[in-house]
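Trainee: Take a look at the letters that make up each chain.
There are 4 protein chains.
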Amino acid sequence: MKKIPVGVLGATGMVGQRFLSLLIDHPYFEVTVVAASERSAGKTLAEAGRWMIGGEMPSQFAKMTVQPVDQVGDVGLVFSALPSDAAGPTEIAWAKAGALVFSNAGAHRRDPLVPLLVPEVNPDHVNLLELQRQHYGWSGGILTNPNCTTTHAVLPMRALHDAFGLTKVLLVSMQAISGAGYPGVPSLDIIDNVVPLIKGEEEKVEWEPRKLLGTLGAQGIEEAQITISAHCNRVAVIDGHTECLSLAFERPPADEAELIAALREFKAEPQTLNLPSAPTHPILVTELADGPQPRRDRDAERGMATTVGRVRRCPILDYKLVLLGHNTLRGAAGGSLLNAELMVAKGLIKA
Amino acid sequence: MKKIPVGVLGATGMVGQRFLSLLIDHPYFEVTVVAASERSAGKTLAEAGRWMIGGEMPSQFAKMTVQPVDQVGDVGLVFSALPSDAAGPTEIAWAKAGALVFSNAGAHRRDPLVPLLVPEVNPDHVNLLELQRQHYGWSGGILTNPNCTTTHAVLPMRALHDAFGLTKVLLVSMQAISGAGYPGVPSLDIIDNVVPLIKGEEEKVEWEPRKLLGTLGAQGIEEAQITISAHCNRVAVIDGHTECLSLAFERPPADEAELIAALREFKAEPQTLNLPSAPTHPILVTELADGPQPRRDRDAERGMATTVGRVRRCPILDYKLVLLGHNTLRGAAGGSLLNAELMVAKGLIKA
Amino acid sequence: MKKIPVGVLGATGMVGQRFLSLLIDHPYFEVTVVAASERSAGKTLAEAGRWMIGGEMPSQFAKMTVQPVDQVGDVGLVFSALPSDAAGPTEIAWAKAGALVFSNAGAHRRDPLVPLLVPEVNPDHVNLLELQRQHYGWSGGILTNPNCTTTHAVLPMRALHDAFGLTKVLLVSMQAISGAGYPGVPSLDIIDNVVPLIKGEEEKVEWEPRKLLGTLGAQGIEEAQITISAHCNRVAVIDGHTECLSLAFERPPADEAELIAALREFKAEPQTLNLPSAPTHPILVTELADGPQPRRDRDAERGMATTVGRVRRCPILDYKLVLLGHNTLRGAAGGSLLNAELMVAKGLIKA
Amino acid sequence: MKKIPVGVLGATGMVGQRFLSLLIDHPYFEVTVVAASERSAGKTLAEAGRWMIGGEMPSQFAKMTVQPVDQVGDVGLVFSALPSDAAGPTEIAWAKAGALVFSNAGAHRRDPLVPLLVPEVNPDHVNLLELQRQHYGWSGGILTNPNCTTTHAVLPMRALHDAFGLTKVLLVSMQAISGAGYPGVPSLDIIDNVVPLIKGEEEKVEWEPRKLLGTLGAQGIEEAQITISAHCNRVAVIDGHTECLSLAFERPPADEAELIAALREFKAEPQTLNLPSAPTHPILVTELADGPQPRRDRDAERGMATTVGRVRRCPILDYKLVLLGHNTLRGAAGGSLLNAELMVAKGLIKA
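Quick mapping for you: the protein sequence lines, in order, are chains A, B, C and D.
Residue numbering for the first sequence follows the UniProt record's numbering, starting at 1 and increasing by one per position.
Residue numbering for the second sequence follows the UniProt record's numbering, starting at 1 and increasing by one per position.
Residue numbering for the third sequence follows the UniProt record's numbering, starting at 1 and increasing by one per position.
Residue numbering for the fourth sequence follows the UniProt record's numbering, starting at 1 and increasing by one per position.
A few of these clues could be false.
As the list claims (entries may be wrong) - When the alpha-carbon atoms are kept at most 30 Å apart in a straight line, the in silico DSS-like pairs for lysine-lysine are as follows:
hint : chain 1 : residue 1 : chain 2 : residue 2
1    : D       : Lys63     : B       : Lys199
2    : C       : Lys3      : C       : Lys350
3    : A       : Lys168    : B       : Lys350
4    : B       : Lys267    : A       : Lys168
5    : D       : Lys199    : A       : Lys267
6    : A       : Lys96     : A       : Lys267
7    : B       : Lys204    : A       : Lys168
Derived by calculation from the structure, the hints in this document are not laboratory data.
Note that the coordinates shown come from a computational prediction; the quantities given were computed from them, not determined experimentally.
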C-alpha cells in the first residue's frame, strides 16, 4: 500500500513529538510536513527543541525543516497538536484548503458540526463530517478527539452504558504533569504537593462524554442524558491519569462480577478492523487489589488501553471503580491517530 | 500551675516523636515516661532511632531511657502512638492500672464505650468515659481520636451539619506518605505514581464521622444518619492529606457564600476555652482559586486547622469542595493532645 | 532603637518574598518600600503574585503597593532580589541616588570594587566600600552576597583555610529547585530525573571563594590562591543544596577529628556581635552516618547554618566531606540580611 | 540452535525479575528453573510477588513454581540475583554441583579466582575460570559482574585508559532508588531529599575498576594502578545512575575532541561477536549541553549503553565529564546476561 503523506501541526511540542514518534514506520502514513509557530519556523526540528520523549531525536525527523503553521501546506491530512487558542483559526484555514484535520486541541470540540471521536465509542459520528462540509463549505474538515481525562473515562462508560444504562458519574482525577505540556507545571508547584485545580478541565469532563455517547441524527448529535460531576487534580506523576469514579445506572448490575464482565467483553470497530494502533483489549481489568497505578499500568497495550480496578459497591451511587490511562498516548496523539486509521480502514481516506 | 507528668507509648515511631515535639515546653504536661516495644526498651531514645521531624533530637528527650510498653509505668496520663495491633491489649492494661490513655491508634475506636473525640466536634462525648469505667471496671480509661482523614473531614462536616443538615458525603482523598509511618511506603511504590488503595482506610472514613457526629444518650452514642462513600489514594506528598468532597444536605445553602460563611463562623469549645494547641480558626477558607495545597497550607495554624477551598455546586449532590489538613499534627498527635487539653481545661484531669 | 526604613527590590519573586518574611518584626529594619518590574508596579503585593513561602501572605505586606523598580525610591537601604540582568543598571541607579544596596544578584559580584561579603568569612571587606565610593562617586553603594552554592561552601572553607591552608577544592553539588526561582525548573525536567548542568553556576563557584577568601589591601582585593573545580547538578529537592567536597591542604590535619574540631570551634564576628540573624553555630557537624540531608537539616539554626558530615580521607586529595545549607535563607535573602546587620552593628549604617 | 536451559536464583526480587524479562524469547537461553528463598518456595511466581517491571507478569513465568534456592537444581547455567549474604554459600553450592553461576551479587567479587567481568572491558578474564576450577575443584564455576555504579564508569574508563593512560578518577554518583531493591528506600527518606551515603558502595567503586582493568597473568589478576575516590549519593530517581567524574591521565588528550573521539570509537568483543544483548555503541556521547539525564537517556540502546556528556577541562585533574547508565539493565541483570552470551559465543558454553 502506498503511504498517505501527512503533516503534523505543532510538531515541536510535547504532543506533536508524540505524533511523530507514533508515525515512525506507520503502515498507512508518512510524515512529509512539520509545522509550528513563527518562533520555530525555518529551523530544523532538532534545532527547534529537544526530543522530550527521551534519547536522541529520530534521525528521519531531526533534519526536517519546520514550516510556519499559518501557511497552509501541500498535504491532505494533518494531525494537530496546536495549543487551543492557535488551533481555532489555524485548523479552519487548513480545512478550508482541503486538508482533513485530526485535532487534539480543544478549540472545535464544542462545535456541533465537528465530530468528537473515540473509535471504540462512537465510530458512526465520522458521518457528521458530511453536515460539516455542507454547512461550512470546506473541502477538507475537522475531527477532534476528546480531552485526555474524558478519553480514558469514556471507554468504560461506553461499555457500562450499553450494558446497564448509565445515569450519573462522579469523577475525581489525579492527572499527570505531561498533560500540561512543556514547560508546563513548575516543579515548585508539584513536588511534595497536589494542585486541586486544572483550569477548564472539569467543564470539559462534565460535557464531552455527553456528546461522545450521544446519538447522531439528521440534525446532528443529540447528547446522552448522563449527569457528570468532575473534580480534577494535578499530582506529581509524569504520565498517566488516575480517575476515581462513582457510577449510577438505570439497570444496575447484580454484582461486581457482572460489571467487570461487561468491561472485559467490550470490543468495538477498531478491534474488528484490526487498526494498527488499536489495543487488542481497549479496557483491561486488573486483578491486583492496589491497581491500577500510573507507573505500572500506563504502558499497557502500548499506552492505548484503559485499565480498570477496585470495582466495588458505592454507598451513595451504585458502584465505584478506579481507572488509569496514558494521557499523551491514547489520551492525545494516539487517540487522534486511531481516528485517522479508522477513516482509512473505512475507505473514507485514500492514498 | 504544676505540670502533669505524662507518658508517650510508641515513642520511637513517627507519631510518637510528633507527640514528643508537641510536648516540649507544654503549659500543662511534662513527659516523664517514654515507652516502646521490646526492641527499643532499655535504649535511650537517641539510640532507638533518628529524629524523623528534622535536625537533631531535642536534648531533653535524647537521653531518656525507653521503657517496655507492656510494663505499665507510674504515670496517670499517656498518649498512645502504638500500632493498632499492639495498641489493643496494651492500652487496656494501662487503663486498668489507672492511666487515662489518649490513643491515636485504631484499636478501640469501634468500642461503643470508648469516646472517639474531636474537641470542636463532639466535646460532650468525653462523658462516655463514665459508662466505660462502670462497665469495664477500669480506674483509668481510653479516649481515641479518629483516623487522620476523618479528622480533617469531620471539622467542616460538623459546621455544615449544624447549619444545613448533612445527608451524604462522597469523599476522595490524596493522602501523604507520612500517614503510613516509617519506613512505611517504599519509594518505588510512590515516586511517579499513585496508589489507589490504603488498606482499611475507606471503612474507617465511611464510619467514624457517624460516631463523631452522633448523639450521646443514656445508652451510649446514637450514630448520625449520614451516608458516606470514600475512596482513599496515596500520593507523593510528605505531609498533608487533600480531600475532594461532594455533599448533599437536608436544607442546602442558597449559594456558595452561605456555605462558606458557615465554615468561617464555626467556633467551638477549644477556641472558647483557649486550649494551648487549639487553632484560632479551626476551619480556614482560602481565597486562592487553586488552593488549598498540601505543601503550602498544611502548616496553617501550626498544623491544627483544616483549610477548605474550591466551594462550588455539584451537578449530582449539592456542593463540592476541597479540604486539606496536616495528617501527623491535627490528624494524629496534635488531635490527641487537644483531647487531653480539653479534659484538663474542663477540670476532668488534675495535676 | 528606632527602626531603619528599608526597601526590597524584586519583592514579588521567590527571594524577594524571603526577604520580606525575614524582615517581619526585625529588630533593626522596617520595610517601607517594595519595588518590582513594570509588570507588577501599581498592584498590591497580594495582587502581584501568591505567597510562595506557604499559607497566606502576611497582612502587613499584602496591601503594600509595588513601586516600579527603575524609579529610585525614598529609602537609604535596599535589599535587591532582582534577576541578574535587571540588577546591573538598576542597582547602580539606586546606589547613585544614595542608597546602600545589599544585593543577592550576580551582576556586580565580579566588580573589583564591590564587596562580596559573608560576615563570618571576610567582614573586613566592607571597607572596600570606601574605594567604591571614591572611584564611582556614588553617595550610596553596592554590597553583594555570593551565589548560594558558594555561600555554604565558603563557611567551612574559611575555617579550614585558617587552620590548615586550603589549596584545592573539588566540589560536586546537588542543588534544590528553589534556587532557580519561580516558575523556574519545569517539573518534566526534574521529577524522576537529574539535570547535570546549571548555566553559569560552575564558573561562579570556581571563582567566588577566591575573592571571599582574598586579602583586602590598599589596591583592593588580592584573590586567595585556591584551585576550585565544580560540577553543579539540579535534583528534585525543594530547598537545600547538598555539596560533596574533596579538599587538599598545605598542612593537612592529622586525622578526621582534627578537621572536625576546626569546623566545630569556628566562630566569627556575627556570633561575637550577636547579630539578630546570625546562627549560634555557623557550622554544624552532624554525627549521623548518613547526614546531612536537605529535608532534615536545611532548617538548622533557622536556615542560617551550614551542616557538615561524612568527613573522611580522600584517596586523591586529602579529605572528603558533605555539606548542606538552605539556599534561599543563608544562601540568598538571609545572607544579604546578615550583611546589613553587620554594618548596622559596626555603626556603618544609622537609623 | 537448541536453547540452553537456565535458572534464575532470587527470581522474585527486582533484579531477578529483570533477568526473567530479558530472557523472554532469548535466542540462546530458556528459563526452566526459578528459585528463591524458603519464603517463596512452593508458590508460583505470580503468587510470590507483583511484577515490578510494570503491567502483568508475563504468562510464561506466572505459573512457574519457585524452587528453594538452597536445593541445587538440574540446570547447568544459572543467573544469580541473590542478596549478597545469601549469595555467598548458595552460589558455591551450585558451582560445586556443576552449574556455571553468572552472579550479580557482591559476595564473590573480591575472590582473586573469580572473574569480575564486563565483556567490553576484560573479556579475557573469563580464562580465570580455569584457575578457579583447579583450585576449588568445582565442576561448575562462578563469574560476577561488578556493582552497577562501577559497571557504567568502567566502560569509558576502559576506552580512556587504552588511549591516554588513566591514573586518577574522582567520582561522585547520584544513584537511583531501584538500586536498593524492593521495598528498599523508604519514601520518607528520599522525596524532597538526598541521602549522601550508600553503605559499602564507595569501597566497591574505589576497588572494582582496578580488578576489571587489571591484567590476567599465570598467577591471576594484577590490579591496574589507578587511584579512585568515590562519593555515592541516593537521589529521587527511579532508574539510572548519574556520575560526575574528574580524571587524570599519563598522556592527557590535547583537547575535549580527542577525548570524545576515543569514547565514540570504542568497540569491543560484544560488538564484534554481535552478542544478542550487546549495544551497537557501548558508549554514547550526547551533544546536548545539559545531558545526559536519567529519565531521558537511561533506555538508550535498550538500557545497555553508557551515555557520556559535558566533557570539559578540570582545573584540578585533567578533564571532567558526566556519565549515565541504567542500573538494573546494563548495571545488573543485563550485564550478567551479556557475560553469559560472551561465553556461549566463544564456545565455552554449549547447549
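Trainee: So which hints don't hold here, by number, going up?
Mentor: 3, 4, 5, 6
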